[in-house]
Amino acid sequence: MFSPWILSLQLILFPLFWRGIYTTETNPPLALTVPVTTVFKSAVLKGDSLVEKVEILKPIDLELACTWTGNPNKLPNITGYWRKDGSEITNSRLTVQLENEQYNLKRVFRITGDTLGNYSCIFSDTEEAKIDFNVAAPEMDDKKDKPIVAYVGDSVAMACKTKLPPNTWLWYRANGTEQELINATTDPLRYKISVDGNTTKLTVMNLTEEDSGVYVCSAIYNIKASVSRVEVRVITFMEPLKPFIAIVAEVIILVLLILLYERWSSQRSSHSPTGNNIHTALHTALCSTSGCGELTTRTEACQRTASFSCFARLKMGCMLNQHIN
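When we follow our numbering, the leftmost residue of the sequence shown carries the number 6, and every step to the right adds one.
Treat the hints with care, since some could be wrong.
Said to hold, decoys possible - Derived BS3-like pairs: lysine-lysine, alpha-carbon spacing no greater than 25 Å straight-line:
| id | residue 1 | residue 2 |
| --- | --- | --- |
| 1 | 151 | 197 |
| 2 | 79 | 111 |
| 3 | 51 | 63 |
| 4 | 166 | 197 |
| 5 | 79 | 58 |
| 6 | 151 | 135 |
| 7 | 149 | 58 |
| 8 | 149 | 79 |
| 9 | 197 | 89 |
| 10 | 168 | 206 |
| 11 | 63 | 79 |
| 12 | 111 | 89 |
| 13 | 135 | 58 |
| 14 | 63 | 166 |
| 15 | 168 | 197 |
| 16 | 51 | 151 |
| 17 | 206 | 166 |
| 18 | 89 | 135 |
| 19 | 151 | 89 |
| 20 | 63 | 111 |
No wet-lab data here; the hints were simulated from the structure.
Could you put the whole structure together from the sequences, leaning on the hints where they help?
Quick look at the structure:
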């Protein structure tokens with residue numbers, strides 16, 4: 006007697022059951038929030054200014070605490086506020102009370118790669134006293150100010166080091182305003198990269214003059230990358246010989262001038278007006294460069310003797326003195 010009712014109920018539930026099997030509803034994934042670590046940094050100011058360095062590896066909440074004990078006036082209340090990179094932070098001014106012969110000022114900052122910089126707590130009395138917190142990613146220990154010089158065909162090694170090991174190291178070749186990533190795996194005959202914790206080394210082999218330029222090492226941290234630049238100059242073996250070639254050229258010119266002088270002096274007396282003119286011209290030619298002014302007396306002695314070797318020794322002394330200086 007229940008069969009018609011059961012059949013009707015089946016006809017009603019079947020489409021719903023069928024829809025439930027073949028219809029999928031996707032819920033948005035739950036956002037997993039990574040907890041941000043709170044780091045506390047304090048500093049005590051006894052004079053008018055103090056600088057503290059804070060190295061950050063990852064995004065954090067940084068609580069900065071300032072204590073000023075060097076106020077000679079000891080007013081019961083003064084004004085305190087904060088600056089970021091020299092600009093006052095909005096709504097940071099407050100009244101700071103004197104407690105236990107000191108003033109205290111605190112504030113928490115969310116530090117990310119975009120908010121790194123210089124944070125300053127300011128105590129304002131008749132004059133200002135401040136503590137600067139330089140918040141930055143770890144810096145390189147051994148930045149190079151002078152270029153590395155290497156020869157064509159040789160190899161050159163560049164190293165970078167940080168106090169704290171980064172997540173990874175990367176090397177680039179600067180190409181104008183762009184940087185080209187160096188991949189030692191794809192070109193093992195040209196590049197070799199080694200990493201040992203907080204130190205990395207790049208070796209460039211089989212150097213050519215085109216390898217001259219700026220190389221950039223980058224220490225990648227969660228907060229920000231720290232970079233250092235190394236300039237490399239690749240020269241040929243003829244480059245160091247250029248000063249000597251210049252000296253040889255000057256010696257050849259010297260010999261020609263002295264031969265000309267010897268020829269004229271054999272025809273005319275050194276006491277004649279023409280001879281004096283030749284002496285004067287030779288003196289100008291031999292000692293017109295800087296560094297030979299003190300040799301005027303010796304030049305006049307050489308003019309009196311009209312000696313080839315005397316002038317040669319004098320000129321060689323002038324050239325050596327000039328190149329050494």
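- [ ] Check each numbered hint from earlier against the structure, then list the numbers of those it violates in ascending order.
- [x] 3, 5, 6, 8, 9, 11, 16, 19
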